[in-house]
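Number of protein chains: 2
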Amino acid sequence: MIDIRDRVRNAALHGKIVSAEEAAAIIKPGMNIGTSGFTPAGYPKAVPLALAERMKKENFQVNLWTGASVGKELDGAWAEANGIARRLPYQTNEAIRKQINNGKIAYTDLHLSHVAQMSRYGFLGGKVNVAIVEACAITEDGNIIPTTSLGNSPSFVKDADIVIVEVNTSQPMELEGMHDVYIPQDPPCRQPIPLTKPDDRIGTPYIPCGVDKITYIVPCDLPDAVRPLAAIDDDARAMSAHLIDFLNNEIKQGRMPKNLLPLQSGVGSVANAVVCGLVNSPYENLSVFTEVIQDGMFDLIDAGKLTFASGTSLTPSPEGLQRFYDNIGEYRKKIVLRPQEIANSPELARRLGIIAMNTAIEFDIFGHVNSTHIMGSKMMNGIGGSGDFARNGYLTFFFSNSIAKKGAISSIVPMCSHIDHTEHDVDVFITERGVADVRGLSPKERARVIIKHCAHPDYQPLLTDYLERAEKATGFVHTPHLMDEALSWHSRFIQTGTMKK
Amino acid sequence: MIDIRDRVRNAALHGKIVSAEEAAAIIKPGMNIGTSGFTPAGYPKAVPLALAERMKKENFQVNLWTGASVGKELDGAWAEANGIARRLPYQTNEAIRKQINNGKIAYTDLHLSHVAQMSRYGFLGGKVNVAIVEACAITEDGNIIPTTSLGNSPSFVKDADIVIVEVNTSQPMELEGMHDVYIPQDPPCRQPIPLTKPDDRIGTPYIPCGVDKITYIVPCDLPDAVRPLAAIDDDARAMSAHLIDFLNNEIKQGRMPKNLLPLQSGVGSVANAVVCGLVNSPYENLSVFTEVIQDGMFDLIDAGKLTFASGTSLTPSPEGLQRFYDNIGEYRKKIVLRPQEIANSPELARRLGIIAMNTAIEFDIFGHVNSTHIMGSKMMNGIGGSGDFARNGYLTFFFSNSIAKKGAISSIVPMCSHIDHTEHDVDVFITERGVADVRGLSPKERARVIIKHCAHPDYQPLLTDYLERAEKATGFVHTPHLMDEALSWHSRFIQTGTMKK
Numbered sequence: 057m058i059d060i061r062d063r064v065r066n067a068a069l070h071g072k073i074v075s076a077e078e079a080a081a082i083i084k085p086g087m088n089i090g091t092s093g094f095t096p097a098g099y100p101k102a103v104p105l106a107l108a109e110r111m112k113k114e115n116f117q118v119n120l121w122t123g124a125s126v127g128k129e130l131d132g133a134w135a136e137a138n139g140i141a142r143r144l145p146y147q148t149n150e151a152i153r154k155q156i157n158n159g160k161i162a163y164t165d166l167h168l169s170h171v172a173q174m175s176r177y178g179f180l181g182g183k184v185n186v187a188i189v190e191a192c193a194i195t196e197d198g199n200i201i202p203t204t205s206l207g208n209s210p211s212f213v214k215d216a217d218i219v220i221v222e223v224n225t226s227q228p229m230e231l232e233g234m235h236d237v238y239i240p241q242d243p244p245c246r247q248p249i250p251l252t253k254p255d256d257r258i259g260t261p262y263i264p265c266g267v268d269k270i271t272y273i274v275p276c277d278l279p280d281a282v283r284p285l286a287a288i289d290d291d292a293r294a295m296s297a298h299l300i301d302f303l304n305n306e307i308k309q310g311r312m313p314k315n316l317l318p319l320q321s322g323v324g325s326v327a328n329a330v331v332c333g334l335v336n337s338p339y340e341n342l343s344v345f346t347e348v349i350q351d352g353m354f355d356l357i358d359a360g361k362l363t364f365a366s367g368t369s370l371t372p373s374p375e376g377l378q379r380f381y382d383n384i385g386e387y388r389k390k391i392v393l394r395p396q397e398i399a400n401s402p403e404l405a406r407r408l409g410i411i412a413m414n415t416a417i418e419f420d421i422f423g424h425v426n427s428t429h430i431m432g433s434k435m436m437n438g439i440g441g442s443g444d445f446a447r448n449g450y451l452t453f454f455f456s457n458s459i460a461k462k463g464a465i466s467s468i469v470p471m472c473s474h475i476d477h478t479e480h481d482v483d484v485f486i487t488e489r490g491v492a493d494v495r496g497l498s499p500k501e502r503a504r505v506i507i508k509h510c511a512h513p514d515y516q517p518l519l520t521d522y523l524e525r526a527e528k529a530t531g532f533v534h535t536p537h538l539m540d541e542a543l544s545w546h547s548r549f550i551q552t553g554t555m556k557k
Numbered sequence: 057m058i059d060i061r062d063r064v065r066n067a068a069l070h071g072k073i074v075s076a077e078e079a080a081a082i083i084k085p086g087m088n089i090g091t092s093g094f095t096p097a098g099y100p101k102a103v104p105l106a107l108a109e110r111m112k113k114e115n116f117q118v119n120l121w122t123g124a125s126v127g128k129e130l131d132g133a134w135a136e137a138n139g140i141a142r143r144l145p146y147q148t149n150e151a152i153r154k155q156i157n158n159g160k161i162a163y164t165d166l167h168l169s170h171v172a173q174m175s176r177y178g179f180l181g182g183k184v185n186v187a188i189v190e191a192c193a194i195t196e197d198g199n200i201i202p203t204t205s206l207g208n209s210p211s212f213v214k215d216a217d218i219v220i221v222e223v224n225t226s227q228p229m230e231l232e233g234m235h236d237v238y239i240p241q242d243p244p245c246r247q248p249i250p251l252t253k254p255d256d257r258i259g260t261p262y263i264p265c266g267v268d269k270i271t272y273i274v275p276c277d278l279p280d281a282v283r284p285l286a287a288i289d290d291d292a293r294a295m296s297a298h299l300i301d302f303l304n305n306e307i308k309q310g311r312m313p314k315n316l317l318p319l320q321s322g323v324g325s326v327a328n329a330v331v332c333g334l335v336n337s338p339y340e341n342l343s344v345f346t347e348v349i350q351d352g353m354f355d356l357i358d359a360g361k362l363t364f365a366s367g368t369s370l371t372p373s374p375e376g377l378q379r380f381y382d383n384i385g386e387y388r389k390k391i392v393l394r395p396q397e398i399a400n401s402p403e404l405a406r407r408l409g410i411i412a413m414n415t416a417i418e419f420d421i422f423g424h425v426n427s428t429h430i431m432g433s434k435m436m437n438g439i440g441g442s443g444d445f446a447r448n449g450y451l452t453f454f455f456s457n458s459i460a461k462k463g464a465i466s467s468i469v470p471m472c473s474h475i476d477h478t479e480h481d482v483d484v485f486i487t488e489r490g491v492a493d494v495r496g497l498s499p500k501e502r503a504r505v506i507i508k509h510c511a512h513p514d515y516q517p518l519l520t521d522y523l524e525r526a527e528k529a530t531g532f533v534h535t536p537h538l539m540d541e542a543l544s545w546h547s548r549f550i551q552t553g554t555m556k557k
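Top line first, the protein sequences correspond to chains A and B.
Start counting at 1 in the first sequence, then tack on 56, and there's your number in our numbering.
Start counting at 1 in the second sequence, then tack on 56, and there's your number in our numbering.
In short, the hints are calculated from the structure, not lab data.
If you're wondering where the values come from, they're calculated on a predicted model, not measured in any experiment.
Here a beta-carbon is modelled for each residue, glycine too, at the ideal position from N, C-alpha and C.
One or more hints might be untrue.
Between beta-carbon pairs, the in silico distance windows are [as the list claims (entries may be wrong)]:
1. ILE307/A / ARG257/B: 47 to 57 Å
2. LYS556/B / ALA460/A: 32 to 42 Å
3. PRO264/A / GLY266/B: 46 to 56 Å
So that you can see chain A by itself, here it is in the shape it has in the complex (with noise of 0.2 Å):
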């Protein structure tokens, strides 16, 4: 068993070593909390498990604020005790979501690239209170060696006055060196982000923090509780082939480098499929630049593709994880984790000129992208880094499965019921029918690419008569909708169980 006191370098810091009910017994009731976190990885366990048990006991609530999602142990044992009046920026959590969706939570969705400075500026209601953190050690002069992400916790351990740190033996110490720290200065002050290429090293290794700064000291050897990606099917591995067969024309035509851009890709099951099919891609020399590091990376690492790759998270499944913790050595020296104001950032990723590659819930016929809500109502998880990096990127595209439900659902409506991403800001759609490259295109050419080339045959004669029927309706106005008829499919899918007639 490992010995806490070996991970507090500083030994006048030794006696701030306390136990979790402890730690959690300084929180008061309506303070915002800012945690370390970005998906199930990198987040406290230890000190949110004691204050759930304090929040079951003392109808007890606070305003939780993090990198991204996090795990079971911290939003689902607070949900569960009822104890979260105000959630930001992000979350999967089931039992979250069901509060988010019946009134009892808050929720703030945010661009992620957004929520430090946010925070540093005072515009979330308030400043951050309480600042709890995941470490692999903490070293003589008191600053902090992250674990699996980095998030936003550089600027809540700045900002706040209480500084919890959870020291988790589980982590191994190989994750240190992997961090690379940088706050920029708020304006009128703040300077060009120095980064120019993904493995430029601009901070610290560490969050600087300081002795003085930290209040408490926490053990905990509970892992990450890392979830498994669904198996590969034959939708996603299409999308994958589609997504190569268009990189290679680009390349063709002058308009990409033969070792593309670096990749940025969204979190989950089809975004880890694509970068997967990029294994057995003719590039060479690839680079990431990205939110979340998932199993795709290493098997790209591994197969001699990947240069580098840099993200604020690494969210491997419970195999991956394993594979990094044996080969942490070689892995350690191609990936490095960066607070998600950098790793997110809209200067960067216009300067490095990123590939973005985000899943969408439905787009419309002319480009709009809705990434969040069900049927223009009930949260999902949340816009998450989606729009810093599509807004941004070289080129940006969308992926969906043309149908969900069994073909109840066509991801390609009339008009998005809800919208995170317009227009403006989509260069390309794939599903697993093919390749909409509506880049340059005016609404009504978008419109019939997108129906032609990315949705499902069974709605194609839909969409197609809602188009025309739009066009003669309104003499072939710019964007041609029926206002009566424009979210009828999610209308008759509330009422029926299926979007078809």
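Following the hints, position chain B against chain A.
Relative to chain A, chain B alone:
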């Protein structure tokens, strides 16, 4: 009368001086024509008028790429000659708008910061074939001194095979030195844009071109067809007063420096009125980092309130233009014009921390904004730079009158009929009724604040009724909408001429 040869400083170029008709003869049907101009400022006039004559005779169409809107001698003349197949990225001309909305012109409505790079990348349907650029003069080295705007001229000149320079002798030579031309490299070689203050100079005072690259030089003496601004009315004055109250409180709360942060203000009368309101504000040492420099900025300079203004275009009213010319020696010390790729850069908007102030056609109770479409279908002008600034500003405002058409239209609706800026992108809404500060709020919270502070009393009960019924019907879901009714206000207006029941 000015001899154009005095303004073409290399005598070897005098042989390239031709008539507008001769220059226009080089243009072939289907070509991509990239011109100078951003608002009715700094656009070519003589060659477009000559080409319009050819268009009328020859059933001749081209694709027109500009900075933004341009004057009647280009947009108007070509549209009236049925000479435009595709138009991008923005327009305000009546003849063009009509053809966009009857299917004759394919219009590609783009973020203004995206245009130059998409053109260089070859994403807009081939490369630009011909650049037509208005100039004050041509230097000894064949470089181009621009006039009252910069727009996308530097990239169009760089990429085009044919470069036609219109030397406009109505433009005063004192404009020389007011420009700062910086063209970023493209990925993977792009470097940080080295600008950290609105008055930094990072490029050249001319558009790099070179003697050999110039195909033709054409004399012109037609002035910019600048347009009058609407008189400032009580509603605009009220919005301006709300803005100042709000900013005063931000300063008091420590969330804003006393001299504010660089101001960005959209084009048009409301935006101009809001800026004018700052003349009588307590703020000193203001700066501007925006697209368009309008009359209000001159008022601020004259009042000693504004130390520096950076834009891409000078767009005063006719009186404002005269005022600018009369005192150009002083104004030129405090104004710089940049390419719109720099003026509208997300990197710079975020670094400088601009205060983004733009106008909406409508916004909805959950905080989405429609900047472009009337009743969901008909294109008004375009998104322009509003998205570049709104997404990336320190503090993002949208302004609108609470009603239009004498109350038949509510500018606050249950759901926008078109969305250009999403709930993730706006901090504060202002109408003549008041201020809705939606920072950090959930959709249901936003709805109550927007209805209470921004909606017109005639529509407040209807909006509240929709919200409450949607909440009940959906079980207080995250974004309660009734798919059957969300767009019914627009349907009703189309059918009955009013949104009122």
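Legend entry - Violated constraints from the hint list, given by number and in increasing order: The structure conflicts with hint 1 only, although it agrees with all the remaining ones.
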